[in-house]
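**Student:** If you're matching positions, the sequence shown starts at 1 in the working numbering and goes up one per residue.
Treat the hints with care, as some may be off.
[Claimed, not checked] Restraint-style ranges between C-beta atoms, simulated for each label pair:
#1 L269 to A57: 46 to 56 Å
#2 V58 to V193: 19 to 29 Å
#3 W260 to A57: 39 to 49 Å
#4 L127 to G199: 34 to 44 Å
For the record, the hints were derived by calculation from the structure and aren't laboratory data. This structure is a prediction, so every number in the text was calculated from the model and none was measured. Here a beta-carbon is modelled for each residue, glycine too, at the ideal position from N, C-alpha and C.
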Amino acid sequence: MERSGVDGKAAAAVVVTMVLWASAFVGIRYAGAHFQPGSLALGRLLVGAVALGAVAAVRRVGVPPRAAWPGIAGSGVFWFALYMVALNWGERHADAGTAALVVGVGPVLVAFLAGWLLREGFPPRLLGGLAIAFAGVAAVGLSSGSGGSTTRGALLCLVAAAGYAVGVVAQKPALRHASALQATTFGCVVGAVACLPFGGQLVGDLRDAPASATVAVVYLGLLPTALAFYTWAYALSHMTTGRLGATTYLVPVIVVLLSWAVLDEVPGLVALGGGVLCLLGVAVSRTRPKPAVTATR
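Taking the hints into account, I'd like the entire structure generated from these sequences.
**Tutor:** Here it is as structure tokens:
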């Protein structure tokens, strides 16, 4: 009974994470019209760090043990900071749905990093999936008649996917030594510190931006950052990285629907086809060959 209860909570955490992360692509697209990529990331992270810090203080969560810090620092720099800045920048040159489709290659990059850093090898299905996914990215990049802008957006979203992949690989071992709340709170703080050079931009953008855009930044910090990254870490502490990573297939679908309903944006047919190739590449990389059946006599 206890096992099923834990699985149920982890499943609920996954649903919350996917929905909130999907909404983040739409929120970034809106707020990004008034905030620079770096200042938007810093504002989002500062709000998230304050919210998580308040919860940690109320629950009397202490500083993580030393063994957890390499993973926390890695996730903070690559996932909280690099991922957010690159995604914010990428969404200046790509609609929310297209950005989500390109970022969707993250799980195959996770598998690639595991093969390289953890010496898990490079099975043919992984290499085939990687080739398909990057063909999809190329299709997205070439989908616009305006040329370089969409190509730039696709490449920046690919950088964001790489930051996500490194962050996930770094965070998993940290969760063996720290709680989900500790890993998320201090990872967010590390990310905010890494983005402090954008402080001057943030002050200027806050002065000039309309109130609705500032509210969007606060939303991004409270829900897609503070809450969703915590629920992700909670789910990751109860599930394997591979199994959880597969759930990210849902995010682009939700994003396309949300951006159509809220922003009246729909990816073009070529971009949409390229995005489908990205997700197909991820799916191929994650399949396993069927075990050979031996004849019995």
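**Student:** Hint by hint, note whether the structure agrees.
**Tutor:** Cross-check of the supplied hints:
| no. | hint | result |
| --- | --- | --- |
| 1 | L269 to A57: 46 to 56 Å | 50 Å, holds |
| 2 | V58 to V193: 19 to 29 Å | 23 Å, holds |
| 3 | W260 to A57: 39 to 49 Å | 40 Å, holds |
| 4 | L127 to G199: 34 to 44 Å | 42 Å, holds |
When held up to the earlier numbered hints, the structure conflicts with none and fits them all.
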